[in-house]
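A.B. asks: Here are the chains, one letter per residue:
Protein chains: 2
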Amino acid sequence: MSTASRPATARLWLPSRSSSSPCSSTSRRSTSGRPLPSPEPGTPVDRVDTPALVVDLDALERNLDRMAAFATRTGKRVRPHAKTHKSPLVARMQLDRGAVGLCCAKLGEAEVMADAGVGPLLITTEIAGQPKVARLVALRRRAVVLVAVDDMDTARTLSDAMRAADLVLDVLVDVNVGQERTGVAPDGAGELAACIASLPGLRLRGIQAYEGHLQHVYAEAERRARWRECADRMLAAHEGLTKRGLDSEILSTAGTGTCAFAAELPEVTEVQAGSYPFMDSDYAQVEGLPYESSLTVLASVVSRQRGDTAVIDAGWKALSTDAGMPAVKGRPELEYVTKGDEHGGVRGARMTPGERIELVPSHCDTTVNLYDEYVCVRAGVVEAVWPIAARGRIQ
Amino acid sequence: MSTASRPATARLWLPSRSSSSPCSSTSRRSTSGRPLPSPEPGTPVDRVDTPALVVDLDALERNLDRMAAFATRTGKRVRPHAKTHKSPLVARMQLDRGAVGLCCAKLGEAEVMADAGVGPLLITTEIAGQPKVARLVALRRRAVVLVAVDDMDTARTLSDAMRAADLVLDVLVDVNVGQERTGVAPDGAGELAACIASLPGLRLRGIQAYEGHLQHVYAEAERRARWRECADRMLAAHEGLTKRGLDSEILSTAGTGTCAFAAELPEVTEVQAGSYPFMDSDYAQVEGLPYESSLTVLASVVSRQRGDTAVIDAGWKALSTDAGMPAVKGRPELEYVTKGDEHGGVRGARMTPGERIELVPSHCDTTVNLYDEYVCVRAGVVEAVWPIAARGRIQ
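Residue numbers (my numbering), protein chains in the order written: chain A, 238 to 632; chain B, 238 to 632.
Here chain A stands alone, though its shape is the one from the complex:
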């Protein structure tokens, strides 16, 4: 018998209930069926295999609408960061709501977005090394691309490559406003901008100034005060361009945690928030944000608890822990504990194998990067399964 012909049977198979005798066995109908990697639309979420990355579509759409309303209210453009969702489908939803383009952290993400017809694209991290310069040229040939640059040698290399290919690349000067990661010092922005403006393969478009270190400062007053220091650095860099007569058409800045502050600065033209579609348990502690959690990891209990801890099938390979432990959705009294690569524990619950639980990741970006697809749910039923097309595109 072909096992491939009966997926519906596998999908609808029900296990027997425990009988009174601990070892009795009850014969059931066939359980044959090939592995079914993705649930079909119409599947109740309680029949979705685990661990699964679940998106609450209603909550996602509310978050996207809130950001669109922010743009309307403030007059700022929104260029959402695709490094969070890595999905051209979510990108399209953002563009449909008025986003002016997408940010990508890596060239590989931008390639995926470009191939899906999504753009224009801002690559927010520096491009270095021969293989990537060649890929950037190829990407520029087929897409509108803007790249952040913080180094004169890099600028020259990019200009040479673009010029040799009869192309011109749009560039933002990447400015360090306090994160101490990439970016020139604010007082060096003008000199780098002038260099970029002089290079025939590049076109200076403005400044990128990202204050990533402030996004998760929980207290709103502290976050605002520290943002003000970053704003001063942004403005110093901006002045470095304008006093040289260089155009600074774009000032791109801010994440989900700071975009409301950035909107108060007239010089800011756009925000590059990424996490707002999904949020996470760490962002949930950041005061004053109007976005809600829409992303969970659905997990199953696989082993009876020892004491009050149930063992579940979601470990480090299913949930990133770089921002701490996930939260248990709707049950703040329960605590997730690490049990290794493949397992987690849920402390405070009396559960049996097969029971389900939903976890809110502590960091949406790195958790999304572990999955191949979103299981998109509305009212407890799978509505769609979306590939995470740029998952793993770290090059």
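No wet-lab data here; the hints were simulated from the structure. A few of these clues could be false.
As the list claims (entries may be wrong) - Cβ-to-Cβ under 10 angstroms is the rule here; a few derived chain A residues that face chain B:
| no. | residue |
| --- | --- |
| 1 | Arg284 |
| 2 | Arg303 |
| 3 | Asp390 |
| 4 | Val539 |
| 5 | Gly544 |
| 6 | Asp545 |
| 7 | Ala555 |
| 8 | Gly582 |
| 9 | Pro590 |
As the list claims (entries may be wrong) - Under the rule of at most 25 angstroms between Cα atoms (straight-line distance), these lysine to any residue pairs were calculated in the SDA-like manner:
| no. | chain 1 | residue 1 | chain 2 | residue 2 |
| --- | --- | --- | --- | --- |
| 10 | B | Lys566 | B | Gly617 |
| 11 | A | Lys566 | A | Val622 |
| 12 | B | Lys566 | A | Lys566 |
| 13 | A | Lys566 | B | Asp559 |
| 14 | B | Lys566 | B | Asp283 |
| 15 | A | Lys566 | A | Gln542 |
Note that CB positions come from ideal geometry on N, CA and C, so glycine has one too.
Chain A is already provided as a structure; the job is to place chain B on it using the hints.
C.D. replies: Here is chain B on its own, set in the frame of chain A:
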């Protein structure tokens, strides 16, 4: 002009040197070319795009040979854990050297291995929930599978499902020997084994007893002493089966850090070590192991250092940090520091954009799970690119 027709040009493109003028631009030949996701055999490693997961094939083969020699010397079988490498190709190298089968952590890994003709397969974690039981039946239909079970209800469910499909599933009693994760208590092993033996869809084959909590106890004397306590629990469980007249043909135990101890116990039939092919910077601190590091993440500097820290293109999405920070290969004076999802820092180095560095992951399993392929290198040249076929198979 078609850009797809000239990948070789992209591959061989060289950037211009910096000239004496900081802003001069030198025209070069064409850099066109479509993205090239995988390096071709023959590519020098210093032209491989980054971040890349690199395997030193000589070191890998020496590690595999050492484990094969261990098996010959001790008379114990080796059933290597595929959750580390997730690659049927590495599995085949292990089988070619005498391994008796593979362990898989998840059903999804076992499906990938079975589809590649690799087996027999031991699934070392509990199977729970309807979707997985149906998938296990489908897998059992086409592969020799052995499953660890720690619960009578689960055993009955599996038996019912197998019986309904006219199949019999081989089962090991999973025993908790001190890790406090899955597994019955040692004094409950006999009762569960008797239950399993009575179920028509299951066949009792023996015991799994995994002391995962001891693998990374660095001091050899302490690791051995604590292993002895686990051994007593293993033997108690084993006696629980034998005193009931139940066969305990298999006693499967031990990881890379404890397999030498396990080999001293006559009752142990096999070890299920996983990390020995690759090792990692945490395992490197475990005393007394004969294996060497063969896995690195190749990364590039993307931004000039602030002070003595260079910023590289490998962050949390390229290197797991659940076991701590990676080490910098060959340069113990340098320190990796976290810079977020996409970036890391290397403290103690003066480097410029485009320069390369190799990092030894702190935890091989969770780092491998971030990549789609191994770039396999011998003597500085890419010899092969192997897909990590079971990456992300966490269900």
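A.B. asks: A closest beta-carbon separation below 10 angstroms is what the hint needs, so does glycine 544 of chain A meet it against chain B?
C.D. replies: Holds, about 9 angstroms.
A.B. asks: Report holds or violated for the interface hint on alanine 555 of chain A, using the least CB-CB distance to chain B and a cut-off of 10 angstroms.
C.D. replies: Status holds, d = 5 angstroms.
A.B. asks: Quick check on arginine 284 of chain A please, does its C-beta sit within 10 angstroms of some C-beta on chain B?
C.D. replies: Interface hint status for arginine 284 of chain A: holds (7 angstroms vs cutoff 10 angstroms).
A.B. asks: Checking one constraint from the list: CA of lysine 566 of chain B to CA of glycine 617 of chain B, max 25 angstroms. Satisfied?
C.D. replies: holds (15 angstroms)
A.B. asks: Once the shortest beta carbon distance from valine 539 of chain A to chain B is found, is it less than 10 angstroms?
C.D. replies: holds (4 angstroms)
A.B. asks: Is the hinted pair lysine 566 of chain A and aspartate 559 of chain B satisfied, with a Cα-Cα distance of at most 25 angstroms?
C.D. replies: holds (23 angstroms)
A.B. asks: Does the nearest C-beta of chain B fall within a distance shorter than 10 angstroms of the C-beta of glycine 582 of chain A?
C.D. replies: holds (8 angstroms)
A.B. asks: Would you settle whether the hint for aspartate 390 of chain A is holds or violated, based on the nearest Cβ-Cβ distance to chain B being less than 10 angstroms?
C.D. replies: Holds: closest Cβ of chain B sits about 5 angstroms from aspartate 390 of chain A, inside 10 angstroms.
A.B. asks: Does lysine 566 of chain B pair with lysine 566 of chain A here, judged by a C-alpha cut-off of 25 angstroms?
C.D. replies: violated (41 angstroms)
A.B. asks: Answer holds if the nearest beta-carbon of chain B is closer than 10 angstroms to that of aspartate 545 of chain A; otherwise answer violated.
C.D. replies: violated (12 angstroms)
A.B. asks: For a C-alpha distance cap of 25 angstroms, please report whether lysine 566 of chain B and aspartate 283 of chain B respect it.
C.D. replies: holds (15 angstroms)
A.B. asks: Would the hint linking lysine 566 of chain A and glutamine 542 of chain A be met if the CA-CA limit is 25 angstroms?
C.D. replies: holds (19 angstroms)
Consistency note: the structure conflicts with the earlier hints numbered 2, 6, 12.
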